[in-house]
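So the sequence lines, in the order shown, correspond to chains A and H.
If you read the first sequence in my numbering, its first letter stands for residue 1, the second for the next number, and so on.
If you read the second sequence in my numbering, its first letter stands for residue 93, the second for the next number, and so on.
Hints are computed from structural coordinates only; laboratory data are not their basis.
All C-beta atoms in this analysis are idealised placements derived from N, C-alpha and C, irrespective of residue type, glycine included.
Each hint should be verified, as a subset may be incorrect.
With the C-beta cut set under 10 Å, the calculated list includes, among others, these residues of chain A facing chain H [unchecked claim]:
1. Cys18
2. Thr26
3. Met32
4. Asp37
5. Arg38
6. Glu42
7. Thr46
8. Arg78
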Amino acid sequence: MSFLSGLMRFRSPAALPCQQVVEMVTDYVEGMMPAADRRRLEHHLTGCRHCTEYLAQMRETIRLAGRVTPEDLTPEMRTELTELYRRWRTEG
Amino acid sequence: MDTDATLLARLRDGDEQAFTDLVGRYHSSMLRLALSFVSSQAVAEEVVQDTWLAVLRGLGRFEERSSLRTWVFTILVNRARSTGVREARTVPVADAGPVVDASRFGPNGAWAVPPEHWAEEAENRIDAVKLSGLLRGGLDGLPGRQREVVLLRDVEGLSSAEVCKVLSISEVNQRVLLHRGRSKLRQVLESELGGGPR
Numbered sequence: 001m002s003f004l005s006g007l008m009r010f011r012s013p014a015a016l017p018c019q020q021v022v023e024m025v026t027d028y029v030e031g032m033m034p035a036a037d038r039r040r041l042e043h044h045l046t047g048c049r050h051c052t053e054y055l056a057q058m059r060e061t062i063r064l065a066g067r068v069t070p071e072d073l074t075p076e077m078r079t080e081l082t083e084l085y086r087r088w089r090t091e092g
Numbered sequence: 093m094d095t096d097a098t099l100l101a102r103l104r105d106g107d108e109q110a111f112t113d114l115v116g117r118y119h120s121s122m123l124r125l126a127l128s129f130v131s132s133q134a135v136a137e138e139v140v141q142d143t144w145l146a147v148l149r150g151l152g153r154f155e156e157r158s159s160l161r162t163w164v165f166t167i168l169v170n171r172a173r174s175t176g177v178r179e180a181r182t183v184p185v186a187d188a189g190p191v192v193d194a195s196r197f198g199p200n201g202a203w204a205v206p207p208e209h210w211a212e213e214a215e216n217r218i219d220a221v222k223l224s225g226l227l228r229g230g231l232d233g234l235p236g237r238q239r240e241v242v243l244l245r246d247v248e249g250l251s252s253a254e255v256c257k258v259l260s261i262s263e264v265n266q267r268v269l270l271h272r273g274r275s276k277l278r279q280v281l282e283s284e285l286g287g288g289p290r
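Isolated chain A, as found in the complex (with noise of 0.2 Å):
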């Protein structure tokens, strides 16, 4: 960050510091973000590279989990859910 830039940071009463933007990050990426907030975070992660890779590492890890696979059931429970599928089926 130059120092002009740094002082215009400083200065501007809508400047956000870093240290609120990842607080900020959920309802940005929720989009439940008031316009205003939305905008002046906007205007911080056009000239904050550190910020703008921490949220594109918030939105990386959320894609990634929603690739995580599930655990393969123990032999012990795949075979007792077979017997209570049976079990029902046989409920009447």
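We have chain A; now place chain H onto it with these hints.
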């Protein structure tokens, strides 16, 4: 892979394989979810089995006003709660404190120890099996309520409205828990991929 709607139709036709497929799809998340309400693996397994039986018995009455998975998870959470082990749990207040350690910021609140670049590279740098294990470990390490929300939202892909319904929590609460849980999962990935204090 069959959609839930297709599985539901097959299940109603008495197709045992449809049950097996459904179990394969949701069992591990159900177990993980149950474990955040009860104290032991054995009790959690019982809760999940009870849930499957309730699902089978309720098939005829299920009116599809919610999705199949939302219905299944709702039954599970209700059963897990009513086992009583942790039913005295108080209002789900998120743990306090910042989601990124304050030591990583300077006095003006700007990054002092910024994140290193790894977004979009995670899958190239960690193989899929290890990545899944890492994230599962991360999930298991989350406080109960955060784990429940992140599991349902991000792993199972329920909407925020569905999660609120399944867990009986408010939208705002859901978002706070999601925020804290997701932030911690990001840290798990960061500790593997680089960045942050060593």
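How the hints compare with the structure:
Satisfaction of the interface hint for Cys18(A) is found here, the shortest Cβ-Cβ separation to chain H being roughly 5 Å, below the 10 Å cut-off. Hint status for Thr26(A): holds, given a least beta-carbon distance of 4 Å to chain H, under 10 Å. Among the interface hints, the one on Met32(A) holds; its C-beta lies about 6 Å from the nearest C-beta in chain H, closer than the 10 Å criterion. Because the beta carbon of Asp37(A) sits about 14 Å from the nearest beta carbon in chain H, more than 10 Å, this interface hint is broken.
The interface hint given for Arg38(A) is broken, as the beta carbon of that residue sits about 15 Å from the closest beta carbon of chain H, more than 10 Å. A distance limit of 10 Å between C-beta atoms decides the matter here; for Glu42(A) the minimum to chain H is near 18 Å, and the interface restraint is violated. The closest approach between the C-beta of Thr46(A) and any C-beta of chain H is roughly 15 Å, which is over the 10 Å cut-off, so the hint fails. For the restraint placing Arg78(A) at the interface with chain H, the shortest Cβ-Cβ distance is roughly 8 Å, inside the 10 Å limit, so the hint holds.
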